[in-house]
Amino acid sequence: MSDYRRPSAWLVAAAEAMLSILGNPGRAFVVSLGAVLGAGLFTATLGLTGTARSEVRADFDAFRATEVVASSESSDPAWVSPEDLARIRRLGGVVSAGLVRTTDERVELSTVLDRRSGVRLRVSGVTPGALDVIEPRVVEGRTYDQIHENLAVPVALVPEAAYRELTGVRPGSQIFLDGEAFVVIGVYDGVARGLGVLGTVLVPMSASERWLADVPAEVLVEVAPGAAETIAAQLPVGLRPDAPGLVSASALLDPDAFRLRIEENVVRMSVAASIAALTVGALIIGIATGSSIATRVAEFGLRRALGATPGDLGLQVLAETALLGTFGGAVGASIGLIVTVGVALASGWTPALDVTAAAASVGFSALGGLIGGVVPARRAMGIEPAEALRR
Amino acid sequence: MPDSLLQVEDVGRTYHGGVRPVPALRGVSLEVDDGEFLALTGPSGSGKTTLLNILGLLDRPDTGEYLFRGCATSALPERRRAVLRGSSIGFVFQAFNLLADRTALENVELGLRYRRMSASRRRDEAAAALTKVGLEDRLRHLPRELSGGEQQRVAIARAIVGGRTLLLCDEPTGNLDSASAHQVLGVLTGLNDEGATVVLVTHNDEMARYATRVLALRDGYLETT
Ligand SMILES: Nc1ncnc2c1ncn2[C@@H]1O[C@H](COP(=O)(O)OP(=O)(O)OP(=O)(O)O)[C@@H](O)[C@H]1O
Ligand SMILES: [Mg+2]
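Chains as they are written, first to last, in our numbering: chain S, 47 to 437; chain P, 142 to 366.
Derived coverage of chain P by chain S (criterion: at least 3 residues anywhere in the stretch with Cβ under 8 Å from a Cβ of chain S; other residues may be distant):
1) 192-202
2) 220-228
3) 247-258
Keep in mind that the hints were calculated from the coordinates and are not lab data.
Just so you know, even glycine gets a beta-carbon here, dropped at the ideal spot from N, CA and C.
All chains should be modelled from the sequences, with the hints used to inform the complete structure.
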């Protein structure tokens with residue numbers, strides 16, 4: 047025939063690959079199961095870690111939102127008076143308030159007067175009102191109160207680390223801070239607010255003059271959830287009606303960078319695991335398609351008899367594996383998204399759907415299928431039609 | 142002198158796959174004219190399928206030359222041979238070789254797959270070919286929903302679709318009962334009457350009688366009659 051022209055090989059390959067897959071959906075499903083798993087895992091891990099991360103951040107926001115800190119630009123260490131504090135405690139939304147200041151330098155803590163036998167820690171002067179804000183988690187003994195503050199009683203709430211490292215540090219025992227005698231009143235191992243004092247020795251404000259007399263204290267305020275911004279706006283005037291410009295107040299704390307970094311590691315590991323699953327999925331497509339070539343030799347021989355070149359058959363196999371990868375990836379990504387939404391809803395979280403991850407997993411699967419198809423495609427191209435048609 | 146459609150000149154073909162070489166064809170020469178109905182007979186293993194594969198450009202001779210429409214084929218690149226098969230040569234096999242998951246119409250359409258053509262034209266041509274073999278009311282049937290004779294007629298439709306005029310049939314009635322066999326030969330005879338060239342490989346003398354010329358192969362040689 048003189049009018050005979052060959053069609054676009056890619057179009058034929060794609061159309062025939064599609065027909066082959068639709069003609070045997072069961073086989074297609076089994077072959078692409080690996081891609082389904084890989085893409086599902088990939089999408090679900092990224093979706094779930096994303097959801098968990100935004101949830102952690104939301105927790106963190108809630109955490110921050112009950113804490114307001116005010117500091118002064120003035121160098122006057124007595125920039126805020128007990129009357130000022132009493133005034134802001136009466137503000138609606140304020141739960142408790144107090145003063146805190148912490149040494150820059152570490153101070154020797156020892157159980158005997160020999161200064162070189164102890165540990166070095168920073169010291170915080172904390173008023174009982176600020177203790178209410180901080181809510182130290184006391185594991186031994188108790189916290190101090192207004193009586194201790196008023197009388198400048200040298201009592202100390204020591205962090206759990208010191209308690210562990212120095213024998214003889216226990217409630218009721220005597221310790222020396224920079225040579226000055228204090229009585230251990232309690233041991234704590236965590237704080238609910240006021241992260242800055244974590245790990246320091248907490249003593250009454252009035253008993254911290256020795257180290258902190260020149261340091262202006264910060265005002266720590268615990269507020270009802272949701273009231274943080276309002277209180278932060280009211281604090282300058284509330285604390286210093288005479289000079290509100292001296293006071294800066296904010297409801298913000300530094301983000302917990304350490305926790306976020308740990309999370310990144312977890313995400314990276316699960317992404318690596320899903321990429322491994324995607325690779326295995328692609329491999330399965332390649333191997334299953336490769337072994338199916340053997341059962342389809344007669345079909346390929348027939349196609350050659352009908353005018354196909356070896357290249358046509360190779361392209362068709364590549365198109366089949368790429369399509370299987372794409373289908374498997376799409377199904378897996380959908381399952382991954384559904385799992386993300388399901389887990390999030392069951393946990394009462396807001397699902398953070400990672401559409402980019404879903405699209406990427408489909409792309410990876412398609413590419414994996416294509417690569418997995420190279421060996422079976424070569425096998426199909428090598429089929430001798432005369433041999434194939436004898437079977 | 143006009144060239145014959147097919148010219149086989151002293152063709153030899155030896156298989157080297159097994160323990161020792163098997164000479165399947167040992168110097169075969171023959172010509173097939175346009176519009177002929179040739180039967181190839183001979184005992185099992187005499188080289189009939191080997192010769193048919195060479196005629197259909199699915200296999201190459203080791204020695205000698207094969208000319209298709211006066212054109213030497215031994216040096217033709219695979220792509221040209223594929224074009225010739227797709228445009229001019231139709232195969233019919235003993236086992237029908239239909240794709241089980243495709244309808245009669247789709248199986249016939251496959252015969253046009255490697256040729257540039259719109260989908261609707263491909264459909265029309267396939268339907269026309271099925272009409273020619275008397276299966277116009279079986280277009281949507283799957284192979285398993287057709288009798289053996291009907292399946293073989295679908296295969297014949299696939300072989301002639303798009304105006305192919307050389308039909309190479311390898312034991313097309315080997316899997317059929319006598320009534321279906323005669324029906325299939327009737328179809329081939331009809332196509333031959335319309336101008337198609339038919340080469341029919343058969344064991345069966347009754348079927349060979351439909352041909353206008355009969356050649357016998359024995360041990361890779363053409364028997365002189
Ligand atoms: N791939 C192969 N490798 C080795 N020997 C082969 C191969 N194909 C065919 N043969 C041998 O070549 C010879 C001719 O085979 P061919 O298939 O052409 O015979 P045939 O006449 O078609 O036989 P049948 O009537 O049984 O189909 C036989 O002896 C066969 O065993
Ligand atoms: Mg044979």
